[in-house]
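Protein chains: 2
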Amino acid sequence: MHILVTGGAGFIGSHLCDRLIERGHSVVAADNFHLGTRANVAHLANEPRFELVEMDVSDRPATNALFGRTPFDCVFHMAANSDIARSHADPSVDLNNTFLTTFSLLDAMRQHDCKKLVFASTSAVYGEAPGRIREDHGPLRPISHYGAGKLASEAFITSFGENYGIQCWITRFPNVIGDRATHGVIYDFVGKLVRDPSRLQVLGDGSQAKPYLFVSDLVAAILLAWDKSDEKVNVFNVGPSTTSTVRFIAEAVAKAFGSDPKVEFGQGNRGWIGDIPRFEYDTGRIEALGWRPNHTSDEAVLKTVDILVGAAIR
Amino acid sequence: MHILVTGGAGFIGSHLCDRLIERGHSVVAADNFHLGTRANVAHLANEPRFELVEMDVSDRPATNALFGRTPFDCVFHMAANSDIARSHADPSVDLNNTFLTTFSLLDAMRQHDCKKLVFASTSAVYGEAPGRIREDHGPLRPISHYGAGKLASEAFITSFGENYGIQCWITRFPNVIGDRATHGVIYDFVGKLVRDPSRLQVLGDGSQAKPYLFVSDLVAAILLAWDKSDEKVNVFNVGPSTTSTVRFIAEAVAKAFGSDPKVEFGQGNRGWIGDIPRFEYDTGRIEALGWRPNHTSDEAVLKTVDILVGAAIR
Numbered sequence: 001m002h003i004l005v006t007g008g009a010g011f012i013g014s015h016l017c018d019r020l021i022e023r024g025h026s027v028v029a030a031d032n033f034h035l036g037t038r039a040n041v042a043h044l045a046n047e048p049r050f051e052l053v054e055m056d057v058s059d060r061p062a063t064n065a066l067f068g069r070t071p072f073d074c075v076f077h078m079a080a081n082s083d084i085a086r087s088h089a090d091p092s093v094d095l096n097n098t099f100l101t102t103f104s105l106l107d108a109m110r111q112h113d114c115k116k117l118v119f120a121s122t123s124a125v126y127g128e129a130p131g132r133i134r135e136d137h138g139p140l141r142p143i144s145h146y147g148a149g150k151l152a153s154e155a156f157i158t159s160f161g162e163n164y165g166i167q168c169w170i171t172r173f174p175n176v177i178g179d180r181a182t183h184g185v186i187y188d189f190v191g192k193l194v195r196d197p198s199r200l201q202v203l204g205d206g207s208q209a210k211p212y213l214f215v216s217d218l219v220a221a222i223l224l225a226w227d228k229s230d231e232k233v234n235v236f237n238v239g240p241s242t243t244s245t246v247r248f249i250a251e252a253v254a255k256a257f258g259s260d261p262k263v264e265f266g267q268g269n270r271g272w273i274g275d276i277p278r279f280e281y282d283t284g285r286i287e288a289l290g291w292r293p294n295h296t297s298d299e300a301v302l303k304t305v306d307i308l309v310g311a312a313i314r
Numbered sequence: 315m316h317i318l319v320t321g322g323a324g325f326i327g328s329h330l331c332d333r334l335i336e337r338g339h340s341v342v343a344a345d346n347f348h349l350g351t352r353a354n355v356a357h358l359a360n361e362p363r364f365e366l367v368e369m370d371v372s373d374r375p376a377t378n379a380l381f382g383r384t385p386f387d388c389v390f391h392m393a394a395n396s397d398i399a400r401s402h403a404d405p406s407v408d409l410n411n412t413f414l415t416t417f418s419l420l421d422a423m424r425q426h427d428c429k430k431l432v433f434a435s436t437s438a439v440y441g442e443a444p445g446r447i448r449e450d451h452g453p454l455r456p457i458s459h460y461g462a463g464k465l466a467s468e469a470f471i472t473s474f475g476e477n478y479g480i481q482c483w484i485t486r487f488p489n490v491i492g493d494r495a496t497h498g499v500i501y502d503f504v505g506k507l508v509r510d511p512s513r514l515q516v517l518g519d520g521s522q523a524k525p526y527l528f529v530s531d532l533v534a535a536i537l538l539a540w541d542k543s544d545e546k547v548n549v550f551n552v553g554p555s556t557t558s559t560v561r562f563i564a565e566a567v568a569k570a571f572g573s574d575p576k577v578e579f580g581q582g583n584r585g586w587i588g589d590i591p592r593f594e595y596d597t598g599r600i601e602a603l604g605w606r607p608n609h610t611s612d613e614a615v616l617k618t619v620d621i622l623v624g625a626a627i628r
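As you go down the protein sequences, you meet chains P and W in turn.
With our numbering, you'll find the first sequence wraps up at 314, consecutive numbering, no jumps.
With our numbering, you'll find the second sequence wraps up at 628, consecutive numbering, no jumps.
Misleading hints may appear alongside valid ones.
Stated by the list, open to error - Simulated restraints, written as ranges between beta carbons of each label pair: (1) W/Ala359 - P/Gln111: 42 to 52 Å; (2) W/Ala376 - P/Arg23: 44 to 54 Å; (3) W/Ala379 - P/Ala65: 32 to 42 Å; (4) W/Ala376 - P/Phe33: 40 to 50 Å; (5) W/Pro375 - P/Arg49: 20 to 30 Å; (6) P/Pro71 - W/Arg400: 22 to 32 Å.
Calculated directly from the structure, the hints in this document are not laboratory data.
Yeah, the Cβ is synthetic: ideal placement off N, Cα and C, and Gly gets one too.
Based on the sequences and whatever the hints tell you, model everything.
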């Protein structure tokens, strides 16, 4: 199969390229290198079924031209702004990188008769919802522009699906961590300690508890959903049933860094506007297909801390 | 209060301007005259508290400049593409006119500290949902680009609301009819009979039954929600509890036209891709505030047929 992976040199996208190449597919990775890096896919450089294209998927003529050149059977759309905190100051980041990338792709797929789309959505579409959130939860009131950009994307994915027969697989997931991560709390904590090994300042009081998903577990879920589910619209929550507190993460990073920093907590239970302090959601649908994460949230944190601290102090 | 009404020379927007002026507010109506007309607000020309500005609200610098010139206390955002059938061939119409108008406004409100937004959404955000649909219904899977553009708008309205303290009133309503209508089934039927008084071709078999809402009843509901509800996010379904079939409408138009046309029905129960054949939804929330429509769906149809046929054959 000829597959386009947008954000293919990014964190999740590059892992996905690895698995798709292993399965024998031909893969074009499109990336604008805002968050992705050539290093993330350097190991695929001599792979004849892999091609890396530098482009911005929100550029509609460029995206259309790419589809004109290569007839794709399926698109994995991973490109997005993944830095929720940043977009508070500039909402256009999520308009352009999270939403307009999706619209640009959908319109190219429509014009070039590409009928399958796998989309990386987010648990942030639910906003601050109570209880164990299922995929059919309502109302959907995202409180971050990132969540809004993903929900806006989902909205047009379903309307394009109905209008032009495009089938979709949408996974909604929380914080993803692991090797090649480009952002997120562990990445930020390591960066702070690199700049000042004597102290680690934490936004909020450390009590925020969220599920952290290891990247290989996520990629396995995305591919399983794509393999096993065959509705017009296939939506799956993906995430571990366990959570990790910010305190646990801060202390794990501090310990691994080895500089015995003073860990300083802030006030309140959220790190920034749009941050959701606690949530849990129902992953029964993806589990019914046979998915289980190989890492609890705390295991995913510890493994990622090892990798990121190792890379930073090497 | 200084109020901006986008789409203010349009069908619903112009009626809203009338009511807001009556209440003593100062109103700026912004319209690009794609669907709106100067005739719709000609009766307000000598009103000192009314101003008509020709502009496209999706033009972000122009919108920003308007807010820089006039400090608005509240925005009524009515501008949108309202022709669902048209956007199948060109989804960019709903991207630009339905969604990007909203984003442009939100970003101007953020920068100019405007804190109140009243938004005209649609029952199309629900897609093809079973049962009596409440405001907290999930999942939301719009099947028209119009519904997608409105849901995408709602998504960013809630994230801007959370990030910058913008309060919103969102009404979701079905087909609205009445004087100054610029589109819709009655408008189309009258247009067909003007071109050929001997026959009236109907898309679908005529069995589609939908609620039709008279424009004055809708405007009353929008203003009541704004007056009486004071949450951060206020969402209301609005519509009559009754429905009208396409057959009823076709026969009413044919009879009023007086040319004894042959009414020819098509096949199937939907008129176009993205058309939703039957739905009903729960309006208990707006009724709890005291709202009741003054017209049943059939009464709204008959009154609109009189107005539009009268204007056509005059």
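P/Arg23 and W/Ala376 - C-beta distance against the hinted 44 to 54 Å: Holds: the Cβ-Cβ distance is about 50 Å, inside 44 to 54 Å.
Okay, W/Ala359 versus P/Gln111 on CB: inside 42 to 52 Å? Roughly 45 Å apart at Cβ, these two residues keep to the hinted range, so it holds.
For the pair W/Ala379 and P/Ala65, does the Cβ-Cβ distance stay inside 32 to 42 Å? holds (34 Å)
Quick check: does the Cβ-Cβ distance between W/Pro375 and P/Arg49 fall within 20 to 30 Å? About 45 Å separates the Cβ atoms of W/Pro375 and P/Arg49, which means 20 to 30 Å is violated.
So the hint says 22 to 32 Å: do the beta-carbon atoms of P/Pro71 and W/Arg400 match that? holds (29 Å)
Quick check: does the Cβ-Cβ distance between W/Ala376 and P/Phe33 fall within 40 to 50 Å? violated (33 Å)
Comparing the model with each earlier hint shows violations of hints 4, 5; every other hint is respected.
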